[in-house]
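Full structure from sequences and hints, please.
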Amino acid sequence: MKTKTARFRRGFTLVEMMAVVVIIGILAAVIAPKFFTQVSGAQRTTALRDIKTLESQVTMFRFQHSRLPEELRDLAVEPDNVQNYKPYLEKGALKDPWGNDYQYRTPGDEGRDFEIWSLGADGKEGGEGDASDIKGWKEDE
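Position 40 of the sequence shown, counted from 1, bears residue number 40 in full-length UniProt numbering, the numbering being contiguous throughout.
Don't read these hints as lab results, they were simulated from the structure. Some clues are possibly wrong.
To be verified - DSS-like, lysine-lysine: derived pairs with alpha carbons at most 25 Å apart:
(1) K95 x K124
(2) K91 x K135
(3) K124 x K52
Set out below in structure tokens:
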């Protein structure tokens, strides 16, 4: 005698697959905005930390050479008019988290000897939110 065996199909049905896709979509919609907000905040924190590092390197340059650097590039590449030069930074350290050059001005405003800042996410002066400029001297006040 032959016994009948049930044949089970392996795999997922279309309805099951669609349910999984919908669940993943809902999770992504809830989690993604929070994730990108955290990334943005981390970039701003990184920029501020970099600015503080650049400020300390400019100060070290000043103590060792009795003058301020003419531009931030002088911290990474030997200027023509400096003797006994050793680089203070790698060239890549002169870029903010968005890939833009950090800004440097000497003399600075309001009696500051120099100022270093980032133009923010948009790479333009001014802006609001993530696009606002990041200025180390504003954080100190």
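We went through each hint and held it up to the structure:
Our distance criterion of 25 Å between C-alpha atoms is met by K95 and K124, whose separation comes to about 14 Å. With a CA separation close to 21 Å, the supplied pair K91 and K135 stays within the 25 Å bound. For the proposed pair K124 and K52, the alpha carbon gap of about 21 Å is at most 25 Å, so the pair holds.
In summary, the structure agrees with every hint in the numbered list given earlier.
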